[in-house]
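**Student:** Next come the chains, spelled out residue by residue.
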Amino acid sequence: MNDLLEVSEVSAGYGDLIVVKDVSFGVQRGETTVLFGPNGAGKTTLLRAIAGLGPLASGAVTFDGKDLTTLPPYQRRAAGLAMVQENKRVFKRLTVEQNVDLGLHGIRLSGKERTARRAEAYDRFPILAEKRTQAAGYLSGGQQQMLAIAQAMVSHPTLLMLDEPFSGLAPSIVNEVMDTVRAIAAEGRTLLIVEQAIELALRIADQVLVLDLGRLVHVGRSSDPGIRETVEATYFQAKL
Amino acid sequence: MLRDITARLTEGYRLGFWLLATVVVAAAPHVGLNPSVTRQLVLIAFLSLVVSGLNLSFGYAGELSFAQPAIYAVGAYVTAAVSMHWVNDLLVSLVISMLGGLLLGFISGIPGLRLGGWVLAISSLYLVLLVPDAVNALKRWTGGFQGIGGIPQPELFGALLSPTAFASVVVIITSAWFLVLRNLVKSPFGHSLAVLRESPVLASSLGISVYSTKLRAYALSGLPAAMAGTLFAYLDGFVAPDTFSVSLAIVILAASILGGSRSVLGAFVGAALLQLGPMRSTAFGEYAFIAYGLFLIVAGVALRRGLAGLREDLVARWGSQRRPEPGAVDTSASPAELGLLEAPQVPLTIEGVSKSFGGNAVLRDVSCSVEPGEVVALIGPNGSGKTTLLNVISGYYKVDEGKISIGATDMTSMSTHQRARRGIARTFQTPTVPPLTVEEVVTTARLQTDRHSLLATALRLPSYRQALAETRRVARSLLDAVGLRPFANEPAQALPLGTRRMLELSRSLAGAPSVVLLDEIASGLDGEEIEELSRIVRAIRAQGVSVLLVEHNFSLVRELADRVIVLSRGEIVVIDTPEAVAEHPEVLRHYLGAPVLENGESQ
Amino acid sequence: MITTILSGLALGSVYTLVAVGFNLTWLTTKAVNFAQGGFMVAGMFLTVYCYHQGIPVALTFLLLALVGSLVAVVEYLVAVRPVMIRGEHSELVTTVGALTVIEGVILLLVTEEAERVPFFATDTPVVSFLGGRVAPSDLVLIVLAIVIALSVHLWTTRTRTGLAAMALAEDREAATLVGVNTRWFSLLSFAASGVLGFAIAPIVGPKTFAIVTLAAVLSIKGFVVLAVGGVGSNLGALIGGIGVGTIELLVARFLSADLQNLSVFVVFITVMLLRPRGLFGQQSERYV
Numbered sequence: 001m002n003d004l005l006e007v008s009e010v011s012a013g014y015g016d017l018i019v020v021k022d023v024s025f026g027v028q029r030g031e032t033t034v035l036f037g038p039n040g041a042g043k044t045t046l047l048r049a050i051a052g053l054g055p056l057a058s059g060a061v062t063f064d065g066k067d068l069t070t071l072p073p074y075q076r077r078a079a080g081l082a083m084v085q086e087n088k089r090v091f092k093r094l095t096v097e098q099n100v101d102l103g104l105h106g107i108r109l110s111g112k113e114r115t116a117r118r119a120e121a122y123d124r125f126p127i128l129a130e131k132r133t134q135a136a137g138y139l140s141g142g143q144q145q146m147l148a149i150a151q152a153m154v155s156h157p158t159l160l161m162l163d164e165p166f167s168g169l170a171p172s173i174v175n176e177v178m179d180t181v182r183a184i185a186a187e188g189r190t191l192l193i194v195e196q197a198i199e200l201a202l203r204i205a206d207q208v209l210v211l212d213l214g215r216l217v218h219v220g221r222s223s224d225p226g227i228r229e230t231v232e233a234t235y236f237q238a239k240l
Numbered sequence: 001m002l003r004d005i006t007a008r009l010t011e012g013y014r015l016g017f018w019l020l021a022t023v024v025v026a027a028a029p030h031v032g033l034n035p036s037v038t039r040q041l042v043l044i045a046f047l048s049l050v051v052s053g054l055n056l057s058f059g060y061a062g063e064l065s066f067a068q069p070a071i072y073a074v075g076a077y078v079t080a081a082v083s084m085h086w087v088n089d090l091l092v093s094l095v096i097s098m099l100g101g102l103l104l105g106f107i108s109g110i111p112g113l114r115l116g117g118w119v120l121a122i123s124s125l126y127l128v129l130l131v132p133d134a135v136n137a138l139k140r141w142t143g144g145f146q147g148i149g150g151i152p153q154p155e156l157f158g159a160l161l162s163p164t165a166f167a168s169v170v171v172i173i174t175s176a177w178f179l180v181l182r183n184l185v186k187s188p189f190g191h192s193l194a195v196l197r198e199s200p201v202l203a204s205s206l207g208i209s210v211y212s213t214k215l216r217a218y219a220l221s222g223l224p225a226a227m228a229g230t231l232f233a234y235l236d237g238f239v240a241p242d243t244f245s246v247s248l249a250i251v252i253l254a255a256s257i258l259g260g261s262r263s264v265l266g267a268f269v270g271a272a273l274l275q276l277g278p279m280r281s282t283a284f285g286e287y288a289f290i291a292y293g294l295f296l297i298v299a300g301v302a303l304r305r306g307l308a309g310l311r312e313d314l315v316a317r318w319g320s321q322r323r324p325e326p327g328a329v330d331t332s333a334s335p336a337e338l339g340l341l342e343a344p345q346v347p348l349t350i351e352g353v354s355k356s357f358g359g360n361a362v363l364r365d366v367s368c369s370v371e372p373g374e375v376v377a378l379i380g381p382n383g384s385g386k387t388t389l390l391n392v393i394s395g396y397y398k399v400d401e402g403k404i405s406i407g408a409t410d411m412t413s414m415s416t417h418q419r420a421r422r423g424i425a426r427t428f429q430t431p432t433v434p435p436l437t438v439e440e441v442v443t444t445a446r447l448q449t450d451r452h453s454l455l456a457t458a459l460r461l462p463s464y465r466q467a468l469a470e471t472r473r474v475a476r477s478l479l480d481a482v483g484l485r486p487f488a489n490e491p492a493q494a495l496p497l498g499t500r501r502m503l504e505l506s507r508s509l510a511g512a513p514s515v516v517l518l519d520e521i522a523s524g525l526d527g528e529e530i531e532e533l534s535r536i537v538r539a540i541r542a543q544g545v546s547v548l549l550v551e552h553n554f555s556l557v558r559e560l561a562d563r564v565i566v567l568s569r570g571e572i573v574v575i576d577t578p579e580a581v582a583e584h585p586e587v588l589r590h591y592l593g594a595p596v597l598e599n600g601e602s603q
Numbered sequence: 001m002i003t004t005i006l007s008g009l010a011l012g013s014v015y016t017l018v019a020v021g022f023n024l025t026w027l028t029t030k031a032v033n034f035a036q037g038g039f040m041v042a043g044m045f046l047t048v049y050c051y052h053q054g055i056p057v058a059l060t061f062l063l064l065a066l067v068g069s070l071v072a073v074v075e076y077l078v079a080v081r082p083v084m085i086r087g088e089h090s091e092l093v094t095t096v097g098a099l100t101v102i103e104g105v106i107l108l109l110v111t112e113e114a115e116r117v118p119f120f121a122t123d124t125p126v127v128s129f130l131g132g133r134v135a136p137s138d139l140v141l142i143v144l145a146i147v148i149a150l151s152v153h154l155w156t157t158r159t160r161t162g163l164a165a166m167a168l169a170e171d172r173e174a175a176t177l178v179g180v181n182t183r184w185f186s187l188l189s190f191a192a193s194g195v196l197g198f199a200i201a202p203i204v205g206p207k208t209f210a211i212v213t214l215a216a217v218l219s220i221k222g223f224v225v226l227a228v229g230g231v232g233s234n235l236g237a238l239i240g241g242i243g244v245g246t247i248e249l250l251v252a253r254f255l256s257a258d259l260q261n262l263s264v265f266v267v268f269i270t271v272m273l274l275r276p277r278g279l280f281g282q283q284s285e286r287y288v
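Chains as they are written, first to last, in the working numbering: chain P, 1 to 240; chain Z, 1 to 603; chain D, 1 to 288.
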């Protein structure tokens, strides 16, 4: 199986507080994988470790055949791995335009190609075109989220990682973001999404992973019968 | 009991040895010690006094201030003025200088209080820069840039001190100061400095006022430098401003690090090494600066957490032989032992609390309460505001609206350490323990309840000894109750995570709180360790304490909590029993996301 | 009066240049490089040496730039990068150490501890300007300070690399995720600060003279200006520097030379108490 992303026996945490324990899974090209799990399960820590923001206590991460374990985040980005962090983390003191441009940082493109990519971003999110010169800090939560996604997409990533893209958004905005994510998936991109909104995420997921208290407790497909109940059960279930 | 006697004996021996050493060294100049060696000894004494001042503010309290040369200058010039224009008596000069040192030390620390490390460092360096200007402006008493000569030979109680007698006096004074310093540092006061250095956030949560502790440390750090200034003025009868330079400040820093900024005698060792080495030979002098500079770089880089002290690093890394295994802790002790600390049983009440950060509303009109003898769990999805609520209750953030009270006392405008003193204790998700033994860590929570005056501490008066014995007794009982007693003398930082959490728990009880806030105590732990923790929490509840528990681990919540508060997007969704909450459809919805239909309506 | 003001503007320009040097490294590493004053003083002595050796002006500048970038990069690798990750103020101690090493090297290599630095190897007389008397070197100094401060400011706001530096300064993690090579940026910004410090020395030197003990003073006062203007702001460095320098010399001239340094200190403390973030500084967001 030619997985685009291979995570093997990864443990990660902060000092001696290990919150991800011995996790292994693969993400197939062109598929959308969703990682579920209650708070404190270690989902964000895992994603950060894959992106290179935190050291691995043990294990390895392979992307597109390359061993990422020692690569700093900016090199992983160049390799085609883009991450959209939770909490709509864009550069709030910089303008929308500047944020989008930063998404192109370090990528070798001609002037024309850059303009084309920017146009793409503004096509996908017309609201951003409107607010081009505004400081990102003044955008609404939903707009910031879209900006964050635009910033990542503009680099045409091979693997796009999203950490709770729907959290903290008003229901109508959730719809919009959902459509965007669907569209991106439909383009054939590979997605790894962390989400707690089971209903939403199950609609776009191909592969389903469930993390609980740091361990991977379930690997399945969204088409599996009873998958929803399986995921829900981890939320208020007794552990180990 | 036997341990106490042994400790007393050891301390007695130590004191005796110290006195003996002092007498021997003080007598040396009289029994034929070479005058130039005597002079070196005296110079080392001066430098070590000044360095010890830096150790107090930097090594112990963790704040880098370069004010020492300025205070040294004050001591010297005040002595010159007093002895030449008023009365020439060593003791009088010392006392007046020390008052000046106390004052200048105190003032020099003020800028850094709110503004942090860099402002403190720069403003204190600036004080050194101002010395030549001040000296020149007060030419009449200071002799200006040329310096002032003709300071008379020192007299003590009317008797003129010969150079050898003076040297002996210097030794005695220096030794006395180091004894006092040792008494100050190895005491609850010293522990409070260690806590402050480790984390001001932790210090506040234990009821330690960060500002007042810092100011005390700065003021005290001025004493030895002023003393050294007085003695320096009398040594050659001449004082010039170029002695008190930025270069001296750097030498002092280097000596402090060299000898170990957190070791009592380190100041002496560092001073000796530098005085006998680079500062003496002029040949080395050419390379002196390069050597000092390289040393500062290497020391800064090599030692963990900045300049924490090599010993502590070694201890933390290799710990002791007996590292407790997770699960080795015996919690079969009767929970009634916790009952020795009676605290008023009062509820924690939160009314209409709202908090925004930069336009984002993180808490919206939150109201709830925790009754005595109740465990309330606070749960919620990411971004719900749980952590903020906890921090608001602790006092790290001020509310925009609303009221927080403990019993009848309105705490809304109180600072963190004030709330801690009123009975709020908390733990942190990443346990923060200073480099102290397990027992000492527990006693740090009693720094406000068992106060010792600085004077009693410095002189080890009987009142101090008694109070300390009582504090220790309380700490040991608590350790017994949680099963950590065998590790009482182990370095706390060497403990594994689960045990550190237990230690934090028992520390949080040491102050006899009415309310205990627990921040994700189960995070990262395995089944057995969680079991142990929950037994203790139940014991705490049995005592009538109000417990608020932020927790992700729902099975633990089910076990422990009487009620559960569900927070989502800053608002309370529901407050009910764990079972009810688990089956509440709204709750699931908040965690799992509102199911949204294609046409944008939510179910 | 005008003479004093002009002189003050020139002195302030020196402080501005130190503060801009601080900004360059602070943006990318969040470390204020205490050795910056040492870069300038070392550059001054090197200039004097070149003058004595008869090395042409253009070559002198080149040499200064090369030596400056080298020294700064070495300092970054040895004294700053290893302690950056700590999060504490360890770089305060290590950069003080670096300054001391630089002072030590200068002492080792020179014969005089204080030297006059001729302006482009000539002795130009004082000229009349706007009703006051001022040395030409001072005028050049003021103009250069304005140009440099504004250039760096424009670089951060208008260029791609400058934008990346701003992003880095705001949120290092997010910057590294979008592909900003934080390591390179840190290194290059140090090199740039070294070039700035060393290469500006021939212009600053005539005003201040090359004196070893000046290094620490420049760093200290440069920091005061940085704090007053707002850490990270080059406009702040400019306004702050000019303001502080002018106040300093006005006090020296009309009150007393002894109050000169004190007046700067008073300004420092006052601004810190009233507006801790400085004139143009950013309010740091409280993250939950």
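In case anyone wonders, no lab produced these hints; they're calculated from the structure. Where hints are given, some of them may not hold.
What the hints assert, rightly or not - List time: in silico EDC-like cross-link candidates among lysine to aspartate or glutamate, alpha-carbon distance up to 20 Å:
(1) 207/D <-> 115/D
(2) 92/P <-> 171/D
(3) 398/Z <-> 365/Z
(4) 21/P <-> 528/Z
(5) 30/D <-> 258/D
(6) 403/Z <-> 365/Z
(7) 21/P <-> 410/Z
(8) 92/P <-> 67/P
(9) 139/Z <-> 171/D
(10) 398/Z <-> 374/Z
(11) 21/P <-> 31/P
(12) 112/P <-> 97/P
(13) 131/P <-> 176/P
(14) 92/P <-> 115/D
(15) 92/P <-> 170/D
(16) 398/Z <-> 351/Z
(17) 139/Z <-> 155/Z
(18) 30/D <-> 115/D
Unchecked claim - Stretch-level coverage of chain D by chain Z, calculated; a stretch enters the list once three of its residues show a Cβ under 8 Å from a Cβ in chain Z:
(19) 8-14
(20) 90-97
(21) 102-115
(22) 263-272
No residue lacks a Cβ here, since even glycine has one placed at the ideal position from N, Cα and C.
**Student:** Of all the hints given earlier, name the ones this structure violates by number, lowest first.
**Tutor:** Hint check: 5, 7, 8, 9, 10, 11, 14, 17, 18, 19 fail, others pass.
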